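Asks: Letter by letter, the chains look like this.
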Amino acid sequence: KAGVTQTPRYLIKTRGQQVTLSCSPISGHRSVSWYQQTPGQGLQFLFEYFSETQRNKGNFPGRFSGRQFSNSRSEMNVSTLELGDSALYLCASSLVTLAGERDTQYFGPGTRLTVL
Amino acid sequence: KQEVTQIPAALSVPEGENLVLNCSFTDSAIYNLQWFRQDPGKGLTSLLLIQSSQREQTSGRLNASLDKSSGRSTLYIAASQPGDSATYLCAAINTGTASKLTFGTGTRLQVTL
Chain A
1 KAGVTQTPRY LIKTRGQQVT LSCSPISGHR SVSWYQQTPG QGLQFLFEYF
51 SETQRNKGNF PGRFSGRQFS NSRSEMNVST LELGDSALYL CASSLVTLAG
101 ERDTQYFGPG TRLTVL
Chain B
1001 KQEVTQIPAA LSVPEGENLV LNCSFTDSAI YNLQWFRQDP GKGLTSLLLI
1051 QSSQREQTSG RLNASLDKSS GRSTLYIAAS QPGDSATYLC AAINTGTASK
1101 LTFGTGTRLQ VTL
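Line by line, the protein sequences are chains A and B.
If you're matching positions, the first sequence starts at 1 in my numbering and goes up one per residue.
If you're matching positions, the second sequence starts at 1001 in my numbering and goes up one per residue.
For the record, the hints were derived by calculation from the structure and aren't laboratory data.
What you are looking at is a predicted structure, and each value in this text was computed from that prediction instead of being measured.
Honestly, I wouldn't trust all of these hints.
To be verified - In silico DSS-like links for lysine-lysine, alpha-carbon gap of 27 Å or less:
#1 A:K1 with B:K1042
#2 A:K57 with B:K1068
#3 B:K1001 with A:K57
#4 A:K57 with A:K13
#5 A:K13 with B:K1042
#6 A:K57 with B:K1042
#7 B:K1068 with B:K1001
Stated by the list, open to error - Pulled a few chain B residues facing chain A out of the computed Cβ check, cut under 8 Å:
#8 K1001
#9 P1040
#10 S1046
#11 Y1076
#12 G1096
#13 T1097
#14 A1098
#15 S1099
#16 L1101
#17 T1105
#18 L1113
From the three backbone atoms N, C-alpha and C, an ideal C-beta is built for every residue, glycine too.
With the hints as extra help, turn the sequences into a complete structure.
Replies: Have a look at this one:
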């Protein structure tokens, strides 16, 4: 079974631009979560999508948004990029039980975003 | 608000040594705790997941324990190898119906020949 895939793997943008990152979960996984990893703040939760709806949201400004498609693939968008948005963006997918409980999260390789 | 701490931040051991990595969390009402490994510039690899009702989980040379009452988890690595060199992260999840993981800052492990 293929793992979580993320595209692109590397991205360079300039301040003020916007960017869209893509994540394809493991087949059958309907929950997709996004995390930002920086040397200073470590790994921080951005948001989770399940059944095309945002279920949880971390403490990030509204410039960070996302969506999920009917095939569970998810995209994350960052508008008006700032230098501080430079980070490794990771997505993770997991199975969801009938009771709504999340199983082990499996992470993709990440997208390295550099903002100049 | 859940806070997760990992000590030490870095550790260097000779090959073959057994070692323990520590993880502390402030809110004992966790749903489960997961240990990950991260190689430089790469994503996270899930190692072990311990449900709140469990006390430990084992996979090969790895053993993770969970003590909710003291707010601690440990990852035991037996007979360490150079290939074990990586950053190890623990993460707590407080609600079973939400996927938000709260991560520790990690322990960077180096196993020397």
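Asks: The structure should be examined with respect to each hint, and the outcome stated for every one.
Replies: The hints, checked one at a time:
Pair hint K1 (chain A) plus K1042 (chain B) holds up; C-alpha atoms about 20 Å apart against a cutoff of 27 Å. A threshold of 27 Å between alpha carbons decides the hint, and for K57 (chain A) with K1068 (chain B) the separation of about 26 Å falls inside it, so the pair holds. Distance hint between K1001 (chain B) and K57 (chain A) is fulfilled; the C-alpha atoms sit about 14 Å from each other, no more than 27 Å. Restraint check: the Cα-Cα separation between K57 (chain A) and K13 (chain A) comes to about 25 Å, which is no more than 27 Å; the hinted pair holds.
Distance hint between K13 (chain A) and K1042 (chain B) is fulfilled; the C-alpha atoms sit about 21 Å from each other, no more than 27 Å. Distance restraint check for K57 (chain A) and K1042 (chain B): the Cα-Cα separation of roughly 24 Å lies within the 27 Å cut-off, and the hinted pair is therefore satisfied. Between K1068 (chain B) and K1001 (chain B) the alpha-carbon distance is near 16 Å, which keeps this suggested pair within the 27 Å criterion. At about 10 Å, the closest approach between the beta carbon of K1001 (chain B) and any beta carbon in chain A exceeds 8 Å, and the interface hint on this residue is violated.
The closest approach between the C-beta of P1040 (chain B) and any C-beta of chain A is roughly 11 Å, which is over the 8 Å cut-off, so the hint fails. With a least beta-carbon distance of about 6 Å to chain A, the hint placing S1046 (chain B) at the interface is held under the 8 Å criterion. For Y1076 (chain B), the interface hint is violated, since its Cβ never comes within 8 Å of a Cβ in chain A; the closest pair sits about 20 Å apart. For G1096 (chain B), the suggested interface contact is upheld, since its CB lies about 4 Å from the closest CB of chain A, less than 8 Å.
A least Cβ separation of about 4 Å between T1097 (chain B) and chain A falls short of the 8 Å threshold, and the interface hint therefore holds. A cut of 8 Å between beta carbons decides the hint on A1098 (chain B): the least distance to chain A is about 5 Å, and the hint holds. Interface restraint check for S1099 (chain B): the shortest CB-CB distance to chain A comes to about 5 Å, inside 8 Å, so the restraint holds. Below 8 Å, beta-carbon pairs count as interface contacts, and L1101 (chain B) has one with chain A at about 6 Å; its hint therefore holds.
Taking 8 Å as the C-beta contact cut-off toward chain A, the hint placing T1105 (chain B) at the interface holds, the least distance being around 5 Å. For L1113 (chain B), the shortest C-beta to C-beta distance to chain A is roughly 28 Å, which exceeds 8 Å, and the interface hint is violated.
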